[in-house]
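Participant: Model the full assembly from the supplied sequences, consistent with the hints where possible.
As given, the protein sequences belong to chains A and B, one line each in that order.
For the first sequence, counting from 1, position 93 maps to 93 in our numbering; every step adds exactly one.
For the second sequence, counting from 1, position 58 maps to 58 in our numbering; every step adds exactly one.
Think of the hints as simulated: they come from the structure by calculation, not from any bench.
No farther apart than 30 Å at their CA atoms in a straight line, the calculated lysine-lysine pairs in the DSS-like style are these:
#, chain 1, residue 1, chain 2, residue 2
1, A, K92, B, K61
2, B, K9, B, K61
3, B, K18, B, K76
4, A, K106, A, K92
5, A, K92, B, K3
6, A, K106, B, K9
7, A, K80, B, K61
8, A, K123, A, K106
9, B, K76, B, K9
10, A, K92, B, K9
11, A, K123, A, K45
12, A, K106, A, K20
13, B, K76, B, K3
14, A, K20, B, K76
15, A, K7, A, K92
16, B, K3, A, K106
17, B, K18, A, K92
18, A, K123, B, K76
19, A, K7, A, K20
20, A, K92, B, K76
21, A, K80, B, K76
22, B, K61, B, K3
23, A, K80, A, K123
24, B, K61, A, K106
25, A, K92, A, K20
26, B, K76, A, K106
27, A, K45, A, K80
28, A, K123, A, K7
Just so you know, these numbers come straight off a predicted model, no measurement behind them.
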Amino acid sequence: MSALSDKSNLNISAAELLYKENHYDSVCHPAYYACLQLIKHTLCKNGISLEQQAIEASSSYRGNTHQYLIEKMKLMVNNKRGTNDGNDFRRKIRDLKLTREDSDYKDIRISSDTSRKSINLAKELQLVIQSV
Amino acid sequence: MDKRIESIKDFLQSIHNKFSLMKFKCEYDSINHTYIIEVHPQEEFTANNDYISLESDFWDKFENEHQGYYLLFVTKDSLNHVSIPAFSIGYEEINEIIQPAQMSKFEFNFSLASEHIYAGENNYALAA
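Facilitator: And the structure:
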């Protein structure tokens, strides 16, 4: 198990702990980053080093690392599990990404329901990423 | 802005013409530069493979043509929803766009400052 994969699981555990402590505003952040860390690990596992990931994000996505990781993973899910799963993966991780941005940057509060759903969605996405 | 909105409208109208059951609401999140498109019914969103393929192609094309702006397609069970639509396709009346059932999803925390509202479930109050 790599450090990135390990940290992905730790972030899910952190999200669960924050939820149990009713810190709903703080849940979406680790839930989303758990997915990104696992994507980075999976790309490494498939021969794309962290350095190469940085180069490709810079050259193809103007340095938008999140966009690069999501689109790269979508293509890998397409190839491994079919385009429907790839499209579903993008819809769901982008849904989680926007919720993370709302929770981190907007002057709003996150409900218990939204934070619970964020954890469940992150766990679902982890399973998809792990299958590639 | 108009060009991007028109492009989304044209796409959604073409989908509605092809799959008449399908309805759409669209809202622009100016903080995250994201056009959120809520798709109804959920069954078509998840199981209509022809629609899913067209949506994916449009998503790729839009974000490629409009760098720095993003799309998000959601449905009933998603984390994000459209609260105050910039436009809709397939809905006949405003009452149909903002469902009373959705109103019940508000979760206000009255122990906090009143201006604090909940993500994903917040703006129906502003629309009311």
